[in-house]
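Could you put the whole structure together from the sequences, leaning on the hints where they help?
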Amino acid sequence: MKILLLHQKLGFQGGAEQYIYNTAPSIRKYHQLEFAYIENTDVGSEQFIEAFDGVHCLATYHWSIQKLVDSVKPDLIYIHNIANIVCLEELQSISIPKVRMIHDHESYCMRGYRYFPWNRKVCTKKAGFPCLFPCMAPIKRDRTARPFGFRWESWRDKMHEISLNQKLDAFFVGSEFMKKELILQDFNSEKIQIIPPVPLPAQGTIQSSFSPENIILFIGQVIRGKGLDCLIEALNKVQTPWRLCVIGQGTHLDFCKQRALALGLNERIDFVGYLPQTEILDYMSEATMLAVPSVWPEPFGAVGLEAMRQGLPVIAFDSGGIRDWLIHEKTGYLVPNQDITTFAQRIESLLLNKDQAKLMGEAGKNRADKEFSFEEHMDSLVTKLESISKQI
Numbered sequence: 001m002k003i004l005l006l007h008q009k010l011g012f013q014g015g016a017e018q019y020i021y022n023t024a025p026s027i028r029k030y031h032q033l034e035f036a037y038i039e040n041t042d043v044g045s046e047q048f049i050e051a052f053d054g055v056h057c058l059a060t061y062h063w064s065i066q067k068l069v070d071s072v073k074p075d076l077i078y079i080h081n082i083a084n085i086v087c088l089e090e091l092q093s094i095s096i097p098k099v100r101m102i103h104d105h106e107s108y109c110m111r112g113y114r115y116f117p118w119n120r121k122v123c124t125k126k127a128g129f130p131c132l133f134p135c136m137a138p139i140k141r142d143r144t145a146r147p148f149g150f151r152w153e154s155w156r157d158k159m160h161e162i163s164l165n166q167k168l169d170a171f172f173v174g175s176e177f178m179k180k181e182l183i184l185q186d187f188n189s190e191k192i193q194i195i196p197p198v199p200l201p202a203q204g205t206i207q208s209s210f211s212p213e214n215i216i217l218f219i220g221q222v223i224r225g226k227g228l229d230c231l232i233e234a235l236n237k238v239q240t241p242w243r244l245c246v247i248g249q250g251t252h253l254d255f256c257k258q259r260a261l262a263l264g265l266n267e268r269i270d271f272v273g274y275l276p277q278t279e280i281l282d283y284m285s286e287a288t289m290l291a292v293p294s295v296w297p298e299p300f301g302a303v304g305l306e307a308m309r310q311g312l313p314v315i316a317f318d319s320g321g322i323r324d325w326l327i328h329e330k331t332g333y334l335v336p337n338q339d340i341t342t343f344a345q346r347i348e349s350l351l352l353n354k355d356q357a358k359l360m361g362e363a364g365k366n367r368a369d370k371e372f373s374f375e376e377h378m379d380s381l382v383t384k385l386e387s388i389s390k391q392i
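Just so we're aligned: the sequence shown equals residues 1 to 392 in the numbering used here.
Since the hints were derived computationally from the structure, they do not count as laboratory data. A few of these clues could be false.
To be verified - In silico lysine-lysine, BS3-like type, Cα no more than 27 angstroms apart, as pairs:
hint : residue 1 : residue 2
1    : LYS125    : LYS180
2    : LYS354    : LYS370
3    : LYS29     : LYS370
4    : LYS354    : LYS179
Unchecked claim - FRET-style restraints, in silico, Cβ to Cβ:
hint : residue 1 : residue 2 : range
5    : HIS328    : ASP186    : 24 to 34 angstroms
6    : GLY54     : PRO241    : 50 to 60 angstroms
7    : SER26     : LEU263    : 37 to 47 angstroms
8    : THR205    : GLN345    : 23 to 33 angstroms
We treat Cβ as the ideally placed atom computed from N, Cα and C, and that holds for glycine.
Dropping the structure here:
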């Protein structure tokens, strides 16, 4: 079978691109995999290209999906992130089976992060008039826009984009939460299949020493929705000595540094920036826990699985798809979203009871190894792709 994978970007940028790159070799064991893109990130593009049998820029085909399909002749079109309405419209007239992997909220949320920006409360509304009021979503923050740093996005175009996506033949989502989100947006529930985006196993495993330094890890993008500022506020309430290591960078980093300084916590927080996976393992080898204070509804939250594989307990806000992998009071703690006091109490309880932390870490490792195997994930993905190509 020949599969045409259609995605907005060539190269590395975020989780979607990493997932595509990680899963491509396993798909190619069984099928020919062609990749088509609209724009080049110029970040590791040459390495990215090597993951596929062929790579195609849509510009080469005069931005025509039909011309691309006529040239490649795929048996299945496997869509990831595409927001181009012209492309989505053209896909409707192509009779080849089409399945889309929904990585995040961009395909049905005008803001993309599914919460209200003034209080970070999660939106539970169906896309439509609530996007205009109270959300005022057409007014988009854009730091490059002059003079005010905002731009206008068409509400009608977004509603049209949603209707075009609804007409595709099948959908993959990463969690039960994301399936419910699509159903809320009037996607056909019978077309939706859950495939957790299991990350590649790390090169090697560690056994944490649960260091007496009481090290807490935050790993990921430092953007507003990831809630690092909430974690800092929670740690301000923890009486037991602790040390926080922040591994990552992003647009909210300066704010978080200033907040730590204002609270007098800056000497206890190490902002180490981006690190490759091998170096992250070094930090995990001494950590007591991973904190996942995401306030946006995580589509899945794969960083938690990475920590569980290394035997670390996880404390997280009960946000989005996190509860699909984190079992409350067994592999860590789920805390009501933005409940900073309870988050602090859960951190303190594990710092004071390292034996409990170790037991939770062991339970998490067992769960990650047995129920979130990358090999089994790939077997399931390939089987589902094959099934969709035959049934439709």
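Do the hints match the structure? See the list:
Between LYS125 and LYS180 the alpha-carbon distance is near 12 angstroms, which keeps this suggested pair within the 27 angstroms criterion. A distance of roughly 24 angstroms separates the Cα atoms of LYS354 and LYS370; the hinted pair therefore holds under the 27 angstroms criterion. Taking the CA atoms of LYS29 and LYS370, the gap is about 23 angstroms. The hint holds against a cut of 27 angstroms. For the given pair, LYS354 sits about 36 angstroms from LYS179 by alpha-carbon distance, which is inconsistent with the 27 angstroms threshold.
Separation of HIS328 from ASP186 is about 31 angstroms and conforms to the stated range, judged on CB atoms against 24 to 34 angstroms. The hinted window of 50 to 60 angstroms between GLY54 and PRO241 holds, with their beta carbons roughly 56 angstroms apart. Distance hint check: the CB atoms of SER26 and LEU263 are about 46 angstroms apart, consistent with the given range 37 to 47 angstroms. For the hinted restraint 23 to 33 angstroms between THR205 and GLN345, the CB-CB distance of approximately 30 angstroms keeps it satisfied.
In the structure shown, a violation is registered for the earlier hint numbered 4 alone.
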